[in-house]
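Residue numbers (the numbering used here), protein chains in the order written: chain A, 33 to 541; chain B, 230 to 554; chain C, 28 to 357; chain D, 5 to 298.
Bear in mind the hints are in silico, worked out from the structure with no lab data behind them.
Cβ atoms here follow ideal geometry from the backbone N, Cα and C, with glycine treated the same way.
Heads up, some of the hints might be wrong.
To be verified - One side of the interface only, derived from the structure: several residues of chain D facing chain C at Cβ under 7 Å: (1) S14; (2) G17; (3) A20; (4) A174; (5) A260; (6) Y290; (7) K293; (8) K294; (9) Q296.
Chain by chain, the residues:
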Amino acid sequence: MSESQALLRTEGLTKTFPGTRALDAVDFDLRAGEVHALLGENGAGKSTLIKCLTGAYRRDAGEILLEGAPIDPRDTQDALALGIGTVYQEVNLLPNLSVAENLLLGRQPRRVGLVRRRAMNDRARAMLARYGLSIDVTRNLDAYSVAIQQIVAIARAVSMSGRVLILDEPTASLDRDEVAMLFDVVRGLRDNGLGIIFISHFLDQVFEIADRVTVLRNGRLVGVHDIGGLDRLRLVNLMLGRELAEETRETGRGGIDYDAAPRLRFSGTGRRGAIAPFDLDVHRGEVIGVAGLLGSGRTETAELMFGAAPMDCGSVTSEGRPLRLASPRDAIGAGFGFSPEDRKTSGIIGDMSVRENIVLALQARQGWLRRVPMRRQRELADDFIKRLDIRTSDAEKPIGELSGGNQQKALLARWLATNPEFLILDEPTRGIDVGAHAEIIRMIEELCASGMSLLVISAELDELVAYSHRVIVVRDRVHVAELVGEAITTDAIVKAIARPAAEAGENAR
Amino acid sequence: MNPRLLPFLATVVIFVVAYVICWLQFPAMLSTRVIGNLLTDGAFLGIVAVGMTFVILSGGIDLSVGSVIAFSGVFVAVMLRDTGIHPVPVFVLLLAITTAFGAAMGLIIHVLQMPPFIVTLAGMFLARGMAYVLSVDSIPIAHPFYDWVQTAYWLMPGKGRLTLIGATMLAVFVAGILLAHRTRFGANVFALGGGVQTARLMGVPVGRTTVLIYALSGLLAGLSGIVFSFYTSAGYSLATVGVELDAIAAVVIGGTLLTGGSGFVAGTLIGVLIMGLIQTYITFDGTLSSWWTKIIIGALLLAFIVLQKALLDITAKRASAREAG
Amino acid sequence: MNGGAARLLRRIAPQLVTLAVILATIGFVFPGFFNIAFANERLYGSPIDILNRGAPVALLAIGMTLVIATRGIDLSVGAVMAICGAIAASAITAGYGLPLTLLMALGAGIACGLWNGLLVAVLGIQPIVATLILMVAGRGIAQLITEGAILTFNDAGLAYVGSGSFAALPMPAVLWLSVGVAVALLVRRTALGMLIEAVGVNRRASSLAGVSSRLLLITVYAISGLCAALAGIIVAADIRGADANNAGLFLELDAILAVVVGGTSLLGGRFSIIASLIGAMIIQSVNTGILVAGFPPEFNLVIKACIVLAILVLQSPALYGAAILLRRTS
Amino acid sequence: QTVGFSQIGSESGWRAAETTVTRQEAEKRGIDLKFADAQQKQENQIKAIRSFVAQGVDAILLAPVVATGWDAVLQEAKEAEIPVILLDRMVDSDKDLYLTAVGSDLVHEGEVAGKWLVDEVGDRECNVVELQGTTGSSPAIDRKKGFEQAIADASNIKIVRSQTGDFTRAKGKEVMESFLKAEGGDTICALYAHNDDMAVGAIQAIKEAGLKPGSDILVVSIDAVPDIFQAMAAGEANATVELTPNMAGPAFDALAKYQADGTEPPKFIQTESKLYTQADDPMKVYEEKKSQGY
Ligand SMILES: Nc1ncnc2c1ncn2[C@@H]1O[C@H](COP(=O)(O)OP(=O)(O)OP(=O)(O)O)[C@@H](O)[C@H]1O
Ligand SMILES: Nc1ncnc2c1ncn2[C@@H]1O[C@H](COP(=O)(O)OP(=O)(O)OP(=O)(O)O)[C@@H](O)[C@H]1O
Ligand SMILES: [Mg+2]
Ligand SMILES: [Mg+2]
């Protein structure tokens with residue numbers, strides 16, 4: 033690890049926020065032609081480290097050296113000019129601009145000062161083609177799902193990175209195929225001599241792509257290792273600073289009495305343009321997994337069931353009685369909960385404290401007149417902060433200042449606080465570290481044991497397999513298959529996703 | 230068709246329909262005279278509304294423009310009265326002042342992170358106050374150059390006049406359209422409107438763009454002030470009170486979102502014409518009392534906005550139904 | 028409880044300091060400023076005038092704070108003042124009696140607020156435009172009621188609302204103080220305040236969490252209408268006549284200014300009614316200060332602009348951040 | 005025949021009365037009056053005149069919001085051979101551009117008010133406070149000028165404070181309150197207000213300060229709106245200078261003559277600036293004026 037090899041180095045990098053020391057004298061180095069994984073628990077300081085590198089934050093102390101020369105990016109423009117391209121953790125693109133404009137903002141092809149639209153769109157299409165995406169680049173970005181936005185963000189960052197590419201949880205909302213595609217591109221860049229920083233909580237992916245890993249814990253450097261000398265367990269121990277009991281699943285997948293009357297029955301519910309009418313029974317204590325490709329209609333299924341997108345056909349009954357689901361309020365009144373997929377725009381109330389975010393749904397259900405007493409609010413918040421291990425300096429910190437994974441945990445807490453009968457979780461483990469991941473899965477199982485029903489959408493099939501009693505497969509906005517009990521395996525799900533509709537129908541139940 | 234264009238098209242449709250209704254009631258409304266008047270009378274509003282469009286697209290607001298127009302008129306009038314300088318250098322000096330004024334507001338907004346609403350509200354007080362300080366009297370302007378400009382018009386068939394100031398407005402619109410929709414600066418303006426934090430992370434020069442936007446608004450307010458001084462041959466410190474609200478209304482009617490990030494400069498032109506149409510209609514009618522005039526203006530504004538919204542919702546529904554089918 | 032008081036004090040400290048500085052400056056320029064006398068069972072003096080004259084802006088600021096907290100804005104309050112003043116004056120001259128008159132005027136204010144709320148929350152029209160409509164048309168409606176003239180009345184009961192006194196304070200001051208306390212308690216003792224803030228920061232997320240954002244928005248505009256109505260009654264009662272043309276003219280700007288000076292962000296979210304009320308007093312102090320200072324009126328606006336800029340610069344978050352940085356480095 | 009009337013707006017009771025009277029006068033003569041309210045904006049007045057020209061009306065009445073800036077649009081009307089008559093305020097355009105102007109002399113009004121005060125106080129020392137109209141408006145400028153001219157020779161009369169009350173009752177009251185605090189109530193001998201509305205507001209302020217308007221502090225103002233006569237009847241106001249709202253009557257008369265045989269009226273038809281005092285049976289005048297739409 034000689035000096036000349038280091039493409040990008042930090043020495044004693046320190047960054048403090050009111051109440052937290054996010055980075056404490058961190059030394060980090062990135063070589064040309066390597067993929068360097070940056071790992072750590074939620075709130076360890078990974079995102080903060082890269083934001084200091086790109087000038088999004090001003091560091092308090094420490095040196096940053098690019099090819100041995102000290103640099104001091106004052107804002108992200110400086111970093112871009114130095115050839116450091118970045119995908120930030122939350123998709124940071126502009127929803128109101130077209131895909132092409134997002135891709136080429138600041139670098140639009142011009143003639144006599146005027147942007148050449150057609151050339152720009154052509155270039156944008158070419159950029160996306162590398163990722164197997166052929167979409168209308170003149171439409172606004174917000175017409176597309178989070179996953180597509182993620183790919184656009186990656187395409188943009190890749191095209192801007194001359195020397196360094198930074199990817200902060202780029203795969204959080206991607207499917208296997210997209211991930212594979214992304215890794216191809218990353219390997220190509222690595223072979224061309226770029227240095228790549230890769231942040232992820234998916235350890236499999238880390239083992240697949242990384243050459244070296246740096247582990248942070250509580251803002252401090254824990255160690256730098258070659259990936260070859262590590263195994264999964266060791267890595268987890270490094271990150272958590274303790275042993276993680278590898279969860280051994282009992283095969284207690286049964287125990288659901290499918291002959292009993294279901295708790296909820298959705299019959300023929302659908303919405304034009306979003307999801308074809310489907311039937312679905314939800315039983316007490318059952319976990320229903322939903323699998324499918326990007327844009328297949330999983331989120332639409334969830335939103336429909338929660339009343340967030342009103343259904344235009346079909347009916348719902350609860351314990352045999354008809355149930356009106358015209359708005360989230362109706363759903364919450366009926367004991368539903370819903371943790372949405374896009375936590376930044378649909379989940380957190382950024383300026384408000386962790387405590388307020390946690391009690392929000394409970395308070396909304398009680399109505400504005402009956403305020404949850406402050407003492408109770410504090411108790412609830414402290415309790416969940418402890419139970420879910422939410423890393424925050426205190427319950428009064430604005431949730432927007434928490435790290436991504438910790439925000440996700442707080443959102444989960446919001447719904448658990450209402451003690452729902454039926455909880456819908458859209459990508460609940462996105463961006464959550466291994467320790468918390470295990471914790472959340474254990475919690476899902478506990479909740480079911482206590483009689484709660486769950487509908488979980490996840491791109492991680494292993495995870496679905498681990499806790500689902502039943503898995504619904506969605507393709508092209510149609511529920512195409514349903515796997516029950518022992519039939520639930522990763523392979524079976526992948527096959528159901530891929531198989532044409534006609535065949536899949538036969539296999540149902 | 231690109232769905233982004235829908236709000237603009239809705240505005241155009243509404244304008245045409247409204248004009249037809251007016252014409253059915255008062256056939257004289259479809260004369261070149263009325264059309265020429267719409268352009269000439271809307272000139273100063275149109276010019277300042279172009280600047281306002283940029284400001285609003287970036288997610289800001291500029292309340293100072295009405296006062297800046299008044300200040301410009303008074304400044305020009307005082308300069309022409311008290312010095313022997315030719316109007317053209319006076320204009321250049323004025324535009325430099327108003328541009329710097331706008332830039333200063335942009336700088337305060339960016340550096341001190343203060344809301345544009347308040348900064349430009351202070352700017353509004355300041356500009357009007359400076360106009361008072363220059364002169365509380367209204368000052369007539371008599372200069373051969375002004376006479377020449379006022380007689381420079383193209384007599385359209387039917388005695389309508391396309392005046393130089395009307396043409397200036399159209400030129401400003403063309404330039405504004407190009408600047409907003411076809412340059413990197415324009416894209417940066419939209420980017421700011423989409424979210425300042427995100428724009429910053431994407432490498433948009435936030436500070437420079439903010440300063441430039443408000444400088445542009447100041448520049449166009451100054452130009453609008455010059456046009457207004459041609460329009461009235463005078464400078465008056467009490468002129469153009471509330472023009473900022475007219476400009477905002479024109480921009481919004483034109484299909485630009487006040488929250489920023491989405492809209493059209495060309496829509497603003499239609500917005501200005503719609504505002505002029507409402508005025509003209511009321512004058513043609515001529516039976517409304519002062520209070521009914523206000524109520525009807527409010528009602529028509531509401532009608533335009535609700536119609537636009539309805540039209541958009543319907544087309545959006547159609548589109549999603551088609552996609553599904 | 029004690030922690031709450033400390034937090035409140037920290038929140039309003041910048042506003043209090045600003046107010047103190049402005050009052051001290053006026054007192055320096057015009058030494059008789061702080062003289063307060065007791066006569067006719069009430070207090071007299073310039074500071075009392077500030078409390079009294081600041082009533083309309085203070086009342087408007089209460090409603091405006093809530094509206095702004097939801098990321099909205101209410102430009103119509105000036106026009107609503109005119110409408111309600113006109114209704115009060117015409118009702119009392121028509122002989123409806125004081126209670127019914129007040130009820131009608133306040134009801135009209137709520138109706139105006141509901142209208143705004145409907146446009147914003149149900150039709151989804153942007154607040155600034157939605158309320159611009161009533162701002163334009165509302166003054167017309169007020170003039171329709173008074174037929175453009177000043178509608179004078181001689182009812183002592185109604186006049187008492189504007190120029191009477193209660194507990195040694197002028198009635199308008201009593202009114203805004205009590206409405207301020209009432210609304211502050213209402214929003215903080217119930218969950219209203221928190222839900223309003225949640226809707227203001229992220230309406231979509233709040234709705235998904237079950238907050239009835241529509242109802243909240245409508246409520247907030249209705250409160251704003253109610254406050255404007257009371258302000259309108261006070262203004263009419265003060266001059267014993269409804270001046271539909273001028274009542275509340277441009278007062279919406281002062282109210283917004285008061286809210287911003289009070290430190291509530293125009294982008295919605297966290298709000299403090301008490302801070303807004305202090306903001307209203309700051310603005311009224313500036314106005315009164317300009318009046319007693321005796322400058323030629325041409326300079327009024329320039330002076331006001333400079334003071335406002337100075338206040339905002341001093342309170343700006345950027346400067347605040349820099350100050351913290353300075354303190355840390357030294 | 006059709007006559008277009010471009011009115012400034014409805015900012016005061018006096019203005020509303022002028023509109024009412026103009027409507028009544030037009031009706032009396034069987035004229036179809038096209039009314040356009042400009043909401044205090046010159047640009048709206050210019051637009052209105054242009055539309056009148058486009059509609060081809062027979063004549064135009066214009067109550068200009070400001071003196072300057074009418075050349076171009078008046079020229080257009082002239083080219084379309086539509087006579088224009090100015091009401092109550094003047095323009096500083098070329099006299100050829102309009103048929104005639106009906107109005108009062110604003111400076112003269114101020115002078116009448118000033119003269120009354122000079123006569124009233126005699127040799128007594130008198131500190132006057134002045135409530136100005138809207139900063140920059142021509143009545144405010146001219147009424148101030150006229151008053152100052154009238155008291156210029158009386159060295160015993162001094163204007164000690166002058167501030168704008170925006171022509172409104174509420175501001176008149178508020179500003180008077182501050183005058184009373186700043187000067188001390190007993191040193192002020194007279195109030196001069198640029199219009200009656202401000203005077204009415206100020207009278208209330210004086211009363212609330214425990215002083216007697218009309219005797220402790222003399223009150224003189226301009227316009228002669230009904231409410232000031234009530235105050236005069238109660239002894240709370242002393243004098244007002246009338247600005248008649250009937251400008252349209254003489255205007256229509258001149259127009260009729262001109263259209264009948266081309267008689268050119270004089271370029272300025274001045275209405276009387278009559279002084280009313282408490283001696284003029286104020287209640288009677290009040291009753292007369294009440295029906296005029298103030
Ligand atoms: N803007 C901010 N203001 C205050 N504190 C912050 C801010 N940003 C981050 N922090 C704090 O700094 C710490 C590190 O956060 P960071 O986002 O770097 O974590 P991370 O390692 O990226 O976590 P995750 O895996 O959840 O994304 C956290 O405790 C967080 O609360
Ligand atoms: N590959 C794609 N090509 C074109 N459009 C897509 C694609 N993927 C998604 N979309 C669009 O994105 C929108 C949102 O998809 P949505 O998020 O609902 O899907 P999903 O099933 O929830 O999948 P996920 O949550 O994994 O993204 C859809 O309207 C769809 O048209
Ligand atoms: Mg992170
Ligand atoms: Mg989804």
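To see whether the hints hold, each was checked on the structure:
The interface hint given for S14 of chain D is met, as the beta carbon of that residue sits about 4 Å from the closest beta carbon of chain C, less than 7 Å. The beta carbon of G17 of chain D comes within 4 Å of a beta carbon in chain C, closer than 7 Å, and the hint placing it at the interface holds. Contact between A20 of chain D and chain C, as hinted, is supported at the beta carbon level, the nearest pair being about 3 Å apart and thus within 7 Å. Hint status for A174 of chain D: holds, given a least beta-carbon distance of 5 Å to chain C, under 7 Å.
With a cut of 7 Å, the hint placing A260 of chain D at the interface with chain C is violated, because the nearest CB-to-CB distance is about 28 Å. For the restraint placing Y290 of chain D at the interface with chain C, the shortest Cβ-Cβ distance is roughly 11 Å, beyond the 7 Å limit, so the hint is violated. Look at K293 of chain D: its Cβ only gets to about 11 Å from chain C, farther than 7 Å, so that hint breaks. Below 7 Å, beta-carbon pairs count as interface contacts, and K294 of chain D has none with chain C, the closest being about 10 Å; its hint is therefore violated.
Hint on Q296 of chain D is violated. Least Cβ distance to chain C is approximately 10 Å, over the 7 Å limit.
In summary, the structure is inconsistent with hints 5, 6, 7, 8, 9 from the numbered list given earlier, while agreeing with the others.
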